[in-house]
Amino acid sequence: MDQRVPAVSMRNITKTFNSGAVVANKDVSINIYRGEILALLGENGSGKTTLMNMLSGIYFPDEGQIFVDGKEVVIRSPKDALDLGIGMIHQHFKLVDVLTATENIILGLKEKGKLDLKAAAKKIKDICDQYGFDLDPMQKVYNMSVSQKQTVEIIKVLYRNADILILDEPTAVLTPQETQSLFNVLRNMKADGKAVIIITHKLNEVREISDFVDVLRHGEFIGSLTTSESTPQEWTDMMVGRKVTLNIERPDPLGLPPRLKVKDLTVRSEEGLIKLDHVSFDVSGGEVLGIAGISGSGQKELLEAIAGLQVTEEGSVIYVEDDGTEEELLNQDPNKIRRMGITLSFVPEDRLGMGLVGNMDLADNMMLRTFRKGKSPFTDRKNPHKRAELIVKELEVVTPSIETSVRRLSGGNVQKVLVGREIAEAPKVLMTAYAVRGLDINSSYTIYDLINQQKQKGVAVIYVGEDLDVLIELSDRILVLCEGELSGILDARKTDKNEVGLYMTSLHGEGGEAS
Amino acid sequence: MFDIVSFFPRAVVQSVPLLCGSTGETITEKSGNLNLGIPGIMYVGAISGVIGSFFYEQSLKASGSTINTFLGIAIPMVCSILGSLLMGLIYCFLTVSLRANQNVTGLALTTFGVGFGNFFGGSLIKLTGSEVPSIALTQTHGCFVHKLPLAAKTGWFGKMFLNYGFLVYLAIIIALIAAYVLRHTRLGLNLRSVGEDPATADAAGINVNRYKYFATCIGSVIAGLGGLFYIMDYASGVWSNDGFGDRGWLAIALVIFTIWRPNVGVLASILFGALYILYLFIPTGANAAIKEFYKMIPYVVTLLVLVTVSMRKRRENQPPASLGNSYFREER
Amino acid sequence: MNKKTKTPFFHIVKRGEIPRWESIMIHAIALILALILCAILTTLLTGQNPIDVYATMFEGNFGTERKTWILLHLLAVLLGISLALTPAFKMRFWNIGGEGQVLIGCMASGAVMHNWPQLPNALLLLLMLIAALAAGALWGFLPAICKAKWGTNETLFTLMMNYVAIQITAYYTIRWEVPKGSGKIGIINQASHKGWLPSIAGQQYLPTILVVALLTVLLYFYLKYSKQGYEIAVVGESERTARYVGIKVEHVIVRTMSLTGALCGLMGFLLVSGSAHTITTTLSDGRGFTGVMVAWMGKFNPIIMIFTSFLISFMGNGAQEVASRFHLNHSFSDILTGIIIFFLIGCEFFVSYKLSHNKKGKEE
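The listed protein sequences correspond, in order, to chains P, U and V. Mind the numbering: the first sequence is residues 1 to 515 in the working numbering, read in order. Mind the numbering: the second sequence is residues 1 to 332 in the working numbering, read in order. Mind the numbering: the third sequence is residues 1 to 364 in the working numbering, read in order.
By construction, these hints were calculated from the structure, which means they are not laboratory data. Each residue gets a CB set at the ideal place from its N, CA and C atoms; glycine is no exception. Hints should not be assumed to be uniformly reliable.
[Stated by the list, open to error] Pulled a few chain U residues facing chain P out of the computed Cβ check, cut under 7 Å:
1. Glu-131
2. Thr-200
3. Ala-204
4. Gly-205
5. Ile-206
6. Glu-292
7. Arg-315
[Said to hold, decoys possible] In silico SDA-like cross-links for lysine to any residue, where the CA-CA straight-line distance does not exceed 20 Å:
8. P:Lys-190 x P:Ser-9
9. U:Lys-126 x V:Lys-14
10. V:Lys-14 x U:Gly-158
11. P:Lys-110 x U:Glu-316
[What the hints assert, rightly or not] Just the calculated beta-carbon pair ranges, DEER-fashion:
12. U:Lys-159 x V:Leu-37: 47 to 53 Å
13. P:Gly-341 x U:Glu-316: 47 to 53 Å
14. P:Asn-498 x V:Lys-248: 31 to 37 Å
15. V:Phe-307 x P:Lys-457: 50 to 56 Å
Next up, chain P with everything else stripped away, as it sits in the complex (with noise of 0.2 Å):
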C-alpha cells in the first residue's frame, strides 16, 4: 500500500533471553518512514525496549532481518547502528560521569586531526542556541540534573547527525516545560526529513507528538495505526488487549481501624530530586490500598521508607499495634522493625535483585526472612525446606526440585516464592509492588487470591500496580501519585479508569481536558 521506501523497516524479529525462557519479541514487523514521528506504544514488558535496543546495536535478534533504506543490514554493535544513521537515546543515560558534556557528545567520533574540545564546544554551543537547549558544555556529568543529563544524550545525537532517532520515554523525566522545547526539537527534526521513534506510554503525548502509532503487546506488534484517525481508547484497547472484565473478587473491607498513619512523607533522591512531596494517608487492616501512577512517580520511595530502606528527609510512618499503642518505622532498618516484633511484609519490584537471592535455591531463599530465628549459631535449614515444599504446593510453583536456584524459574514461579515467603510470615502489613508484571494470567489471579486472603485476615495491603483494570477490581481505595505528589485517594468502588488516568497525569485540575 504504501510505495515509499522506509527508513528502517524491521522484519519478522524474535528476541528471546534466557536460552529461550523469556521472549521479549516475537516475530515483530514494523516500519518507519522519513519525515515522520512514530509513537511506539505499550505497557510495560510489552517488548518496545528491546526491539528499539536490536536496532541501536545493544540486543543481537535471534530471528528477523532488519532492512534500512530498502537494503538489508546487520546490526552487531552501537557503532554499527551510528554508521546508519540511527541514535537513540537510553530512559538510562549513557554517559560517563567524570567526563565533561562535551567530552561525551564526542565519545567515539572518528573525526580526524587533533582532538580539539573549544572547537567542539563551540559546535555544541550552536546546537543549543538552534534547539534552544540551555548546556554548559564544560560542565562535568556528574554535577547534573537529570534534565541537563538527556539534553547531552539529544545533543550527542544531533552532533552525529543522525537521521533515524530513537527516544524510549524522553518525557518521564522532564517537566512540562522541558517536555514542550522537547517536542519543538523533534518537530524540527521531522521537519529536516527525519526518522523520530518515540517509546512511550503517555497517551496525550502520542496524539500531541506522533503520526502513526504501532501497538506491542507481550512482545508481539498488534497494529498500526494513523494517530489523527485513531482515539486514544482504540490505542488503549491494543495495548491491553480486547477489554476483559477480570471478575477480580473483592470481598468487603472489614472496617478496623488505622493500622499504618503516613504523615508529611518527603523523600529527596541522591541527586537532590523530590521523590516524593508530603504525601499522608492511613491504611486500615483488613483493606487494600491500590497505588497508582506513572512509573517512577514516587511509588518506590514510598514503600521502601515505609519497610525502613529509604532515608527520608521528613514526615512520619505510625504503626498502630492491635492495643493502640503507636510506634515509629521511619529511619528504622528491617531488623530493627523485626525486633520491635512487627511483621511487615515487602514484596519488591526487583524481585531477583532485592527480593531473592537469584542463585539460591528455594529453601535458602526461605531463610532469608527466617534465618536469624533461634539462639544457636546455626541456621536451622528443615523448617524453610518444609516452608519451600509447602509454598511449592500450595501455590503450584513449578520447579524441578526445592534445590533449584530461582534464577532459574521463570518469571511467575519466581514471583510465587516470593509472595509465598512474605506472606508466611503472617504479616500484618503487606505491601507488593507491581506484583503480576510479566505474569501469565493464571498466575496472576494467584496472586490476587493470595491478596485478598490477606485482606480478609485483617492484613493491612498496599498494593502498587500498573495495571488500571486491577487497581480498580482489586482495591478498596486507589492512591494515587502524581510525581511524587498525592494527587488523590478515590474510592475504588465509584471510579473507573479515565478519572484515575486523569489524577496520574494531573489533568483532573486543569479543567478536564480528558481524553
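Start from chain P and add chains U and V according to the hints.
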C-alpha cells in the same frame, strides 16, 4: 654532607623500572583492566631480552666478531617486546575474550611470569649447553649505556641529567606521551570512557574489546621495557634470580600514588626510587635494619593516598569506575 | 556469492544452568589439555618422554615416605591459606592480601617466640597463637573498615598491605639477625625447642596437617550452615537483598575480613611454630596469592579446594623433582602452575557461556 649529585642519578636509575611499570599499568587500568600480572610481565620482558642477547653474544663469541651496537640494542628490545606482548595477549584472551576474573588471571600471570623469568635465567646455560659460568651480557650492557657526549663536559648538570642510557629518556618520553594521549586525544578520551563505563563507550560506537586488548598489550610492552632496563642497564647485563624483586608491585602502587597520571609518575617514580636507596645516603649507624623501614614508606604513603582519595570522593581522582569488571554487552 | 551483508559467524550467549557432570567434563578436558601442554613443555626442555615426565613427578611426590610428608605439608599449608581466604571471597571482597596476612601472623608469633623463650612452653605457644590471630585480624580489619566506610578499593589496599608486612618482617629479620651481618634470624630456640609445635608420632608436619584438616571441616560447616556464613553468601550475591532483609552489610564486611585475616594469621603461626621455626620474608612463599587462585577455582567450596590445592601442590612438588633431576631451575614449577591455572580459569567461560551459531536469515 648529603651528596645530591651522586644521590640523584642513583634514584633516577632506580625509578625507571617503576616508571615503565606504572605507565604500562596506568594505560591498562584506564581500559578497566586491573592487570596484576605486571610483575610477571616485567620479568618476562627482562628474560626475553636476556635470551635474545644471550644467543647473539654467544654467536658473536663463536664467530669472534665484535658487537654491532644497533643489533645489540635491537635484538633484546624486539625479544623483550614480543615476550611482554605475548603476556599481554594471554591476559586479554582470558579476561576479555573468555571473561575470566581479572584478579585471578593477573595473579596467575605473575606466578607464571616470575617463574618463567627465574627458570630461564637459572637454566639457560644448562639448556643451551654453553660453557659460561653465569649470564653476564656485558657487551649488550655496553650498548645500552651509551651516554650522551655532552654528559662529561657539563659538570654537575651533566652528571645529574645527561649521564644515563637511552632507556631512561625513552621511559620518560613514553610516560609523557602516555599522559598527553590520555588527556588530550580522541584515543585517550575513548580509552578513558571504556574504563569508566564500557556500556556507554559501546553505545557511542567504541569497540570496547579492541580498546581493552590494545591498551593492555601496549601497557604490557611498556612495562616489559622496565624489566629490560633493569637487566641491561642497571644490573650491567647480569641476570640474578629474583634480583628484580618486588618492583612490579611497587609500580602498581605508583599508579595509585600518582592517581593514574603518568606525567606525575616521572617525578613520583624518582621519589620512590629515592626511598629505595635512601638508606645508603643517610647515616644509620649500626642500625642497618632501618633501611627496610624506608622501603616501606612508598607503600604506606600509597595507602594513605588511596584512603584519602576514597574519603574525599572527588570523582576525578577515583580509580576507573569499571576497573576489574569484564564487559558483556547482553548482560541483563 | 555476490557481496552479501556480513552476518557474524557466531555470537556469545549466556547459558542456563548446566548439569554438574557437564561442568565437571569441561574442567576435566581443560585439565587434561593443560597437563598435555605441561608434558610437551617438559619434554622439550628435558628430552624426557611425557610419560616419564609424569612418572618422575609421581616419584617426586610419593617416591619416599619423607617426600609424601612434604607433599602433605605443602598441601596442608596451601589449603589452609586458601580456606582462610574463602570467607572474604565468598562475600565478593577482593582480598589479595593473603600474603601479608599470613606473613604478619608469622611475624607476630615469631616475635613472641623470639622475645619470651623463658615462658612455659604451653603459655608461649598460646601467646604466639593469640599474637598471630590478632595481627592477621588487624591486617584484614584495616582494608575492610576503609571499604565499609569510604568504599576504598580493597584490591589495591590489600595489595599494599602485603608489602607493609614484608618490610616489617624484613626490618625485624635484620634487627634480630644471628649472627650479625647474616641477614637471617636462623632457627629460633634451636636448643630448647620453645614455641615449637610438638611432633606427633614423630612427625613434625602432622600437627599442621591435623589443624588444617580440622579447619577444612569447620569452615565447611561455617560457610554452609552457620548464620554468619549465610549472611556472607547473601552479601556476596546481592548487597541490595542483604539490606532488604536487614543485614548490616558494613558490619558483615568488617567481621568477615577480620576472620579471614585471623585465619591467615593462624596459618602464619603454623608455618613458624610447626615447621620453619624462624622468620623470613619468604615464609608465605607466594601462597597468599596462589591461595586466591585455589579458592577461586574451588568455587569457595572447601571440599573442591582440597582437590585444587592437591593439584597445585602435586604439580609444584613434581616439577621440583624434574627440575632437580635435570639440574634445571626450581621455578619450573611456577610455569606449570601458571599453565594449569590459565586453563582452569579459561574453561569457566564454557560453563557460563556458549557460542551460538546464528541461524541464517529466512531466504527465498
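> Was the hint right that U:Glu-131 lines chain P, CB cutoff 7 Å?
Replying inline: This hint is violated: U:Glu-131 lies away from chain P, its Cβ roughly 56 Å from the closest one there, beyond 7 Å.
> Is the shortest C-beta separation between U:Ala-204 and chain P less than 7 Å?
Replying inline: For U:Ala-204, the interface hint holds, since the closest Cβ of chain P sits about 3 Å away, which is under 7 Å.
> Holds or violated: is the Cβ of U:Ile-206 closer than 7 Å to a Cβ in chain P?
Replying inline: 4 Å, holds
> Holds or violated: 50 to 56 Å for the Cβ distance of V:Phe-307 and P:Lys-457?
Replying inline: 51 Å, holds
>> Given a hint of 47 to 53 Å, does the C-beta separation of P:Gly-341 and U:Glu-316 actually sit inside it?
In response: Holds - the Cβ-Cβ distance for P:Gly-341 and U:Glu-316, about 48 Å, lies within 47 to 53 Å.
>> Checking one constraint from the list: CA of P:Lys-110 to CA of U:Glu-316, max 20 Å. Satisfied?
In response: 25 Å, violated
> Do the beta carbons of P:Asn-498 and V:Lys-248 sit within 31 to 37 Å of each other?
Replying inline: Distance hint for P:Asn-498, V:Lys-248 is violated at roughly 47 Å.
> Would the stated hint for U:Gly-205 survive a check requiring a Cβ distance to chain P of less than 7 Å?
Replying inline: With a closest approach of 3 Å, the U:Gly-205 hint holds.
>> Given a cut of 7 Å on the nearest C-beta pair, is the interface hint for U:Arg-315 held or broken against chain P?
In response: 5 Å, holds
> If you take the shortest Cβ to Cβ gap from U:Thr-200 to chain P, is it below 7 Å?
Replying inline: The hint holds - U:Thr-200 has a Cβ within 7 Å of chain P, the shortest such distance being about 4 Å.
>> Check whether the Cα positions of V:Lys-14 and U:Gly-158 lie no farther apart than 20 Å.
In response: At roughly 61 Å apart (the allowed maximum being 20 Å), U:Gly-158 and V:Lys-14 break the hint.
>> For the hint 47 to 53 Å, verify it against the beta carbon of U:Lys-159 and that of V:Leu-37.
In response: Check passed, 51 Å falls within 47 to 53 Å.
Violated hints, in rising order: 1, 6, 9, 10, 11 and 14; the structure is consistent with all others.
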